[in-house]
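Starting from the known structure of chain A, arrange chain B on it as the hints suggest.
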Amino acid sequence: MFAKPLAAAAAALLLTGAAFAQDSIIVQSTTSTANSGLYDYLLPIFQDKTGITVNVVAVGTGQAIKNAENCDGDVLLVHARPAEEKFVAAGYGTVRIDLMYNDFVIVGPEADPAGVGGMEDVQAALQKIAGTGALFASRGDDSGTHKKERALWSDAGIDPTTASGDWYRETGSGMGATLNTGIGMGAYVLTDRATWISFANKQDYTVQVQGDADMFNQYGVIPVSPDKCPSVKVEAAQTFADWLVSAEGQAAIAGYKVADQQLFFPNAPQN
Amino acid sequence: MGEALGLAIGLVLSGDADLAEIVGLSLRVSLTATGLACLIGLPIGALVAIGRFPGRSAVLVLMNALMGLPPVVVGLLVYLQLSRSGPLGFLGLLYTPTAMIVAQTILIAPIVAALSRQVLEDLHVEYAEQFRSLCLTTTQTVQALIWDARYSLLTVGLAGFGRAVAEVGAVIIVGGNIDHLTRVMTTAIALETSKGELALALALGMILLVIALVVNGAVQTIRMSAVRQAHV
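For the record, the sequence lines run as chains A and B. Count along the first sequence starting at 1, add 63, and that's the number in the working numbering. Count along the second sequence starting at 1, add 3, and that's the number in the working numbering.
Keep in mind the hints are simulated off the structure, nothing from the lab. Treat the hints with care, since some could be wrong.
Claimed, not checked - Partial list, derived from the structure: chain B residues whose beta carbon lies under 7 angstroms from chain A:
#, residue
1, 86
2, 87
3, 97
4, 179
5, 197
6, 200
7, 201
To be verified - Pairwise CB distance ranges, derived in the manner of DEER restraints:
#, chain 1, residue 1, chain 2, residue 2, range
8, A, 266, B, 20, 26 to 34 angstroms
9, A, 222, B, 158, 52 to 60 angstroms
10, B, 224, A, 111, 39 to 47 angstroms
11, B, 90, A, 86, 23 to 31 angstroms
Please read all numbers here as calculations on a predicted model, not as lab measurements. The beta carbon of each residue, even a glycine, is placed where N, CA and C say it ideally should be.
One chain only, chain B, in its complex shape:
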């Protein structure tokens, strides 16, 4: 542990270019995937939250179950589509950061949808009567709910980001862990572990944890200053 901590600090202080590249790609891939997953997951979560339709409880079970999608399965599904011999092979996207973004988006969109559904449904119970008296359309209701719950939904987004930035199973299959192209923190950790460089692997793990802390801290700061402004 001590050796790993020393290594981690040394790596960060040395301004290692390879490390910066890997950290940058991890952030770019996982933040983009989180953004896309929110674009897909929030409206779905909101519609299911306010909708009353046959088979709704089955949809809820499915959404919640999909939160447990194994990353390696998502990776395989995306690989089979993007492989040159697959239906989308002509795009030439396998072993690119785009493929990794696609895989992580699929992985975390259900998390965003399921968690936001719960948040928005609870809120909707509070406001349902008011919305009815205002004769809001579905779109207006969804917009109003998402806007009102925006701070809680930030946490939902962070849950998705946490899952994305921590997973290795999907990105290693569709990205290939190619040096200077698709290597991210988790695949680098897996690689160093397989080389027996356990201290270095652990050091990278510590750095990944710090990155997650920084992202969460930044979101928390934004949220708190926004809340303060709202009360002024």
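Okay, chain A solo, but in the shape it has when bound:
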């Protein structure tokens, strides 16, 4: 009585084992580029041109780097420059290239309990939030945005983790989940602008703090090194990275808009 299901199961396993075509790569990516729909826009253009399928695993920058270090990706696309440079220095990546940028913003409820609405100086804004004890929801997941947030707190001379669980709420989740949680509890949230513009559950939240040079958000692309990871698809990965930073790829990035707003600004060095 087990013969049939066994055969069916074996067949299913064999079929799925061959799921990866030769010309496909895995990109370990930050979530903002995926959640904002950038890949849905870019990847079909790239695939039409090269025939290479790009499979995106969208996780936080910290996890993406860890996965790439385990050789579970061909290209890394994240936004935490010091961590990226460490990744390349340790030999996991061949080279790190600036790809595009946007900026971080602090969003908050209309009531603006800390009175930071319209501020540009992010240090002063964070000091005000901490001073009033207004709720602040942090990613708390070692993502690129979380690394940035910690650096901003540190620059502001505040250690918010001493208030963890009190006014400082670490969700330990992705950007979207943290926005959902933060909005649910009326907390301020630091987010990249791309995720915010394309986020659909804003309720009465708006951008409260923006425009500080410290809120710059640089994305980088790194092909994973075949020296550390022999399984990496070198050529296809390089083709993808080269296309992203080419004039054509950069123009495609600039052309992606949500609600008439450009989400990512290409800034790869052009030769």
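Same frame as chain A, now just chain B:
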């Protein structure tokens, strides 16, 4: 709720190709995992049901406890094995539906084993004397018990399927939620939630519920017609 319901109906009626792909993969992965979990879990459940051996009660506690395996832990364990840097990395199975099937099989095999053990043990108490008088071997006893309890065991299988098709923690780690490759209903729901598309996420949840209803209904129909035939 109303908006989500409208969206769900609209999605289904529009025959959305992406949705069909995601639903198809959910079914393929979870049904295959259920089949495999039954192949592994039923014999184990049956052997423990009829066996008398030292440490049996400890085995029972362990089997029952494993029903509570957190999916995310199973996902991590499978990830560490299938990762390129792990012992089975050379297979290249990470981020494939196969990896998802493996994870869900590990997740639900204990459920099938523990629940079938209970069903078969109760049945065995009834038949034990008869089996002894017929001098059946262990294999024959197991076969006879499983065959006789087949309709109850269908429910056990459905419990396993329900757990598999509803979990997100394991498949999102070993599958990666890759569009057109490893995206299933639950990971799609998680993704839409994280995009703040709450109505769409809920609509997908409703569709998932309907799929579970259809699968359960189909099994129920098979079972009832088989029971009717048996009484003719």
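Range hint compliance [Cβ, residue 224 of chain B to residue 111 of chain A, 39 to 47 angstroms]: holds (46 angstroms)
Distance restraint evaluation - residue 222 of chain A, residue 158 of chain B, Cβ atoms, bounds 52 to 60 angstroms: The hint (52 to 60 angstroms, Cβ to Cβ) holds, given that residue 222 of chain A and residue 158 of chain B are roughly 54 angstroms apart.
Interface hint status, residue 179 of chain B versus chain A (Cβ within 7 angstroms): Since chain A brings a Cβ to about 4 angstroms from residue 179 of chain B, closer than 7 angstroms, the hint holds.
Agreement of hint residue 87 of chain B with chain A interface, Cβ distance less than 7 angstroms: Status holds, d = 3 angstroms.
Restraint outcome when residue 86 of chain B is required to lie within 7 angstroms of chain A by C-beta distance: holds (5 angstroms)
Cβ separation of residue 90 of chain B and residue 86 of chain A, checked against the hinted range 23 to 31 angstroms: Because 28 angstroms falls inside the window, the suggested range holds.
Range hint 26 to 34 angstroms (beta carbons of residue 266 of chain A and residue 20 of chain B) holds or violated: Distance hint for residue 266 of chain A, residue 20 of chain B holds at roughly 32 angstroms.
Interface hint compliance - residue 201 of chain B to chain A, C-beta minimum distance less than 7 angstroms: Since chain A brings a Cβ to about 6 angstroms from residue 201 of chain B, closer than 7 angstroms, the hint holds.
Hint check, residue 197 of chain B versus chain A [nearest Cβ-Cβ separation less than 7 angstroms]: This interface hint holds because 3 angstroms falls under the 7 angstroms limit.
Hinted contact residue 97 of chain B with chain A - closest CB pair below 7 angstroms: With a minimum Cβ separation of about 6 angstroms from chain A (threshold 7 angstroms), the hint on residue 97 of chain B holds.
Restraint satisfaction for residue 200 of chain B [CB to CB of chain A, less than 7 angstroms]: This interface hint holds because 5 angstroms falls under the 7 angstroms limit.
Checked against the numbered hints listed earlier, the structure breaks none of them; every hint is satisfied.
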